[in-house]
Every structure is written in structure tokens, then in C-alpha cells.
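Take the sequences, apply the hints, and build the full model.
Just so you know, the sequences run in chain order A and B.
Quick note: the first sequence uses our numbering, first residue 1, plus one each step.
Quick note: the second sequence uses our numbering, first residue 363, plus one each step.
By construction, these hints were calculated from the structure, which means they are not laboratory data.
You may find that some hints are simply not true.
Claimed, not checked - Listed next, the stretches of chain A that the computed footprint assigns to chain B, with coverage defined by at least 3 CB atoms under 8 Å from CB atoms of chain B:
(1) 92-103
(2) 155-166
As the list claims (entries may be wrong) - Simulated restraints on C-beta separations:
(3) A/6 / B/628: 49 to 59 Å
(4) B/563 / A/10: 47 to 57 Å
(5) B/601 / A/288: 48 to 58 Å
To be verified - Computed from the model, here is a short list of chain B residues facing chain A with C-beta under 10 Å:
(6) 446
(7) 450
(8) 457
(9) 461
(10) 482
(11) 484
(12) 485
(13) 516
(14) 522
(15) 523
(16) 524
(17) 603
Think of the CB as a built atom: it goes at the ideal place given N, C-alpha and C, for glycine as much as any other residue.
Protein chains: 2
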Amino acid sequence: MSAPARRRVEVPLGERSYTIEIGLGTLDELGAAVKQVVEPTRALLVTTPPVGRRYGARALASLRGAGLRARRFDVPDGERSKSLAQAGRLYDALLAGGADRGSVVVALGGGVVGDLAGFVAATLLRGVPVVQVPTSLLAMVDSSVGGKTGVNVARGKNLVGAFHQPRLVWIDAATLRTLPPRQLRAGLAEVVKHAAIADAGLFEELEAQGERLLGGELERWLPILERNCAIKARVVALDERETGLRMTLNFGHTLGHAVESLARYRGVLHGEAVAIGMAFAARRSEALGLAPAGTAERLVGLLARLGLPTALPRHPRRAYLAALSVDKKKRDTRIRFVALRGIGRADTVPLLPTEILPPEVR
Amino acid sequence: MSAPARRRVEVPLGERSYTIEIGLGTLDELGAAVKQVVEPTRALLVTTPPVGRRYGARALASLRGAGLRARRFDVPDGERSKSLAQAGRLYDALLAGGADRGSVVVALGGGVVGDLAGFVAATLLRGVPVVQVPTSLLAMVDSSVGGKTGVNVARGKNLVGAFHQPRLVWIDAATLRTLPPRQLRAGLAEVVKHAAIADAGLFEELEAQGERLLGGELERWLPILERNCAIKARVVALDERETGLRMTLNFGHTLGHAVESLARYRGVLHGEAVAIGMAFAARRSEALGLAPAGTAERLVGLLARLGLPTALPRHPRRAYLAALSVDKKKRDTRIRFVALRGIGRADTVPLLPTEILPPEVR
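This is the structure we're talking about:
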């Protein structure tokens, strides 16, 4: 059997440009790629215990095999690791482990590891390079690309962070084999998001494949990963600092963040919260006359077929309004709400929290 | 009496360019300048209780007079405020006070406030603009210019931070009137540093004026501030991210940081530690044959006349070596030690900690 074709997506950002390398079974080649692209003095591999148990030894062996000094640093699994306190512990551990300006941070794991390790890399010694090695679907198609890093504070998600583009994104789709089905579904929420805001053709393909996406050969993921990374790369290249177009990538995230915050980041995965937020946003877009009738139904139908939640959890309306009012996309009092304009098209509309969530909706 | 001439120094950094405005009694014009340069939705004034008592009300009145919503946020005085924990409290306070992406952080105070507020601005909502309003001599001639921000961690000073250029540096030399004499002397250490590494003419002027610099009319500071800001601006413009030339601004800082760290940031001011570090570095430069004989004597003589310490505090040599080995300028095992090549000239030499501090020296 011949090896499946490698896929490569460029993220053109001038001197901050980088490549997303997509393959199957390519984890063992990580070290050579890191060495070639970054030329670091040492590699600081940041991961979680569950991911580290599965892939840590291979990643370390690959880095060392390329002649790099490498050590592994574990952070606890889960969204609650995206905290200043955890960042503080990681700074200390990395410095104790010999971190210097020539070091590279290698983030091996899902979105939490990528966001936390990316933020720590952005601020350690005023910035060291980071390589993202996403092992969850969500991280592969979304969070590992684009340079957004951050931690959560009491008032909300990602309210502290930095734009810090990776020097390389290394995707081995074979790591999806060990991803729990619920995590895989949650990652599909961001795939649906990309399709809904930017690629009607991809949306139709997702509708055609439906729940069959969740089983089958891993090789089938390669074109999906490539297409999603290309959408993300294009948007980021046009608007790196999120002053306009990039905001559309937050489709479903305004309510999604509120859902996560009200659940105290427990019991609901980010992708699930985004699915709920997208369903809500699509319905609101229709109700506000921004999207043609039937748009929300199509989106909700696809999400439901993929096993994703679409109903807003029951919390008091005032709790939602309070959670919305600290959304970091807020500018003054109105929020840049991402509205769907139809399948494959989105833009932002400045709305007050009370307009996003009018009394009759909740 | 006519108002003294304003001085203006440009920091040319492409799209991150900004102006250093130097005047006497100009604090009341801060608001109009912030409004014109940044056009923020609101101003978040960060200061300390002692500085805030003296200048907080005028700064707030000026900001509000320009039509900006403005609030004051106090952080405790002293180097120990440059911590992740303090940054965490400041994020929460600023967000509770309505911080959004259109807000500007205004740092009113000395180096601690500038570094901490600058770091918080760099990372709040992935970056909001900052205006530096330095009220100490050290901050005016050094730390407010160049975009270095950061906090200290257990392993050393400024090991966590970001490059975040201010949008404006607003220097009202009249605030030096209330600066304690010891702080004024400590600030002169950085003035002497600039002269020693880059401006032999300024060094001679400092020798000619000597201790008389510390008394007299505030107007006399204006040309000194201008000349120092110009030196700093030129170096930063040529090497913003400190990959080469900018490292020479760390003259005296390698040992200086060790002195501060071993004192646990208590009892010794940053400028005093830098004076000690410069005297040490000049002597080592001579001993290593890098600087002509007599260089160290001239530098030490000037520092002593200005009332600055020049002798290394007594700590075990191994304590100094340990403090040196986590210096963030370390790359692998050698440290980029800033050597004086004569008065007005410096460069960096890679040295092992044991070469910087050989047994016969301590």
C-alpha cells in the first residue's frame, strides 16, 4: 500500500508565514521538520497525561532523533488548565528545564494545550517560537492555526492572551484514531462552522456524508482537514488581528462562550457549546431577517445528524445577558454578533446583548 | 516667563512608530494627546498609591476633559508588584471596570507600573494600546521607551513578558520634583549607562556637572531627557527585538539582575543594582583586555560622585553563579555579556558564568 499523499497548506503572513503539514502516520517525522524550520537549541514538549501516554514517547524520540535536546512537560487535561495559575507553573517548569531564547515550545494535544502552551511561548522570555502538533479534530481544523493563544480568567474565556503565530503546524491525522467519539463530534462542529460561513460546497458534502463521517478510514479525513485549514488560513491571512473578516470565525461563539461559562467549563465541550451557539445564531439571523428562511433548519439538521446539541441549556436570561456583556468581542456596549447570511456566507452585526437575546427568545 | 520648549523624539518602527513628548508641566495636556493619538473608547489609568495621590487626579481630569471615560486602578508600589498574581488582579479589575478592545491603558508611574501595566495591556483581550506616562527618571530615560514589558517569576526578573510598543510616551519633567533623591540618583544610573555605551560626549558632560545634576532647575533635565530618549530610540529602531545591538542596553544588567534577585528585590533599587553591575562589567572588561586601562576607573568615579553604589554585595560566589545561569539573555550555556570597549562604546561577548565571575574575583 502506498503512503497517502501529504497535504500542505500555506498561511501567508509575511515574515510570520508558516506551513500546515497534513499527513497520516507522520508523527515520527516531527523532529526533522522542527529542526529544519526552527533550528532550536532545545525542544520543550508540552502535553497532557492522556495524550502524552499515547504519543509523548514517539514525539520525544522523533525530536531527539533529529539531534535536539527535548523534554516533556505535562499539564492537567481539561479547559480549567487554561488559567494564569497553570501558566505560572508551566513558566517555572520550563525555566527549570533549561528554557532559553533558542528553545522551541512544541504543543502536543488538543485546543487547551495549544492555547496554553502557545500563550506561554508568546510570553516566556518575551516570546519563543511554538510548533503546534494538534491531536484533536478541533485543534487540527481550528485552534492550532491562526496564532490565537490565551487563558481564561474569572470573567470569561480567552480574555487574556496574545497573537503568536506558530512556526509550523504538524498534523498527523492518525492521532484521530484514539480520539474519543464525543471529541470527534465536537471537532466536527468547527468543520460545520467553516462550511456554514465560507464554503457552501463543503456544507453540501457534509450533508451528503452525514454521520458516516464519524466512522471509516482515517485517510478520508485528509481532504477535510486540508479544506478546513485552507479556509482558516485564508481568513487569517486577510485579517490576522481580527479587525473584520476574521470575526466571522467566531460564528456561534458568542453564545457558545456564554454556555461554557455558565457551565463553569464542565460537562460541555467547546465544540458542543459552539454547535449550540451556531444553532442559536442561525435562528436569530433568520428572525432578524438577515438569512433566508430555512437556513437555520438546514444547519440545525446537519448538527443534529452529527450528534451535536442544538438547544440552549436552561439558565436564567439575566445569567446569559451577564455572560454576554463581558464577551471580549464587545466594543463599548454593542457586541459584534456574527450573523449567517445564508449557507456559506456570514458577516457581523453590532447588537446589544438584549437584542441578541430578546425576552421572547428566553 | 515663557514656557520651556517642548522636545519631541520619534521612535521609527514602521506601523508601530510613536513619539516621545517631553515637556515641563504638561500633565494637563495628556488627555488631548491620548485622544488624538489613540482615539480610545475609554482610558484605564494604572498607577500606584503614592504617584496616584500626587498626579492621579490631574491625569484623570485631563483624560476626562478630553471627553474620555476614565478610571483609576492602583497597584501596590514596589518591584514585587511585577508578578503574575498582580497581573491577574489587574486583569480582573480592568475587565470589571469595563475594559474592551477600544480601551487604552495609561501607565502613570515608574518602571514597575510601566512594565506591569504594559504587560497587562499586551495580553488583555490579546492586546490593547498602552500610553506610557513615566514619573521617575529611570522610567523617563529607559523603561518607558522600547516596548519591553514584563513580570518577574521565581527564577528571575522579567522572565515573562512581551514586546508591546506604547502608542505614545508622555514625559512631564515636572513630576521629577516629587521624586525622592534616592530614586533620582538611581535613575541617573541609566543615564550614565546610555552615555557609557553610546555617547562619550554625554559622558563628559555628566562628569563636568557631577553631583550638581541632582539639584537645580527642573528645566535642566529637558536636554538630558531628550538626549537619552534619542539614544534609546535609535537603538530600539535598529533592533526592536533585541537580537544584537539592543543587547548593549543591558550593560550592567547581567550582574545587576543577580544583585536584585539575591536581595529578593528588597533594599536595592534597580538603578543601584545597575550601577553595581556596570562597575563590575567595566572592571571585567578591562581585566579581559577588552577596554583600555582607566575605563573602569572613570566610570566608577562618575557613579560614586553621583552617590551610586559600585561594590558587589557580599553573597557566596555560587549564589551569584546560580543567579547568572537563569539570566534570560543566556543562550544555551554562555551568556551574552555586555562589555565596555571604552567610554561610549560597548558590544557583547559570549561568556560562561564562571568566566564572568572567575574565582579570583569572588
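Verification of the supplied hints:
1. 92-103: holds (count 6)
2. 155-166: holds (count 8)
3. A/6 / B/628: 49 to 59 Å: Given range 49 to 59 Å: holds, Cβ gap about 57 Å.
4. B/563 / A/10: 47 to 57 Å: Since residue 563 of chain B and residue 10 of chain A have Cβ atoms about 50 Å apart, the given range 47 to 57 Å holds.
5. B/601 / A/288: 48 to 58 Å: holds, 51 Å
6. 446: Hint holds; residue 446 of chain B Cβ to chain A Cβ min 5 Å, cut 10 Å.
7. 450: holds, 5 Å
8. 457: Holds: closest Cβ of chain A sits about 5 Å from residue 457 of chain B, inside 10 Å.
9. 461: OK, holds: residue 461 of chain B within 10 Å of chain A, min 9 Å.
10. 482: holds, 9 Å
11. 484: With a closest approach of 7 Å, the residue 484 of chain B hint holds.
12. 485: Where the cut-off is 10 Å and the nearest Cβ of chain A is about 5 Å from residue 485 of chain B, the hint holds.
13. 516: OK, holds: residue 516 of chain B within 10 Å of chain A, min 6 Å.
14. 522: Holds, about 5 Å.
15. 523: The hint holds - residue 523 of chain B has a Cβ within 10 Å of chain A, the shortest such distance being about 5 Å.
16. 524: holds, 6 Å
17. 603: With Cβ-Cβ at 8 Å, under 10 Å, it holds.
When each numbered hint is compared with the structure, no violation occurs for any of them.
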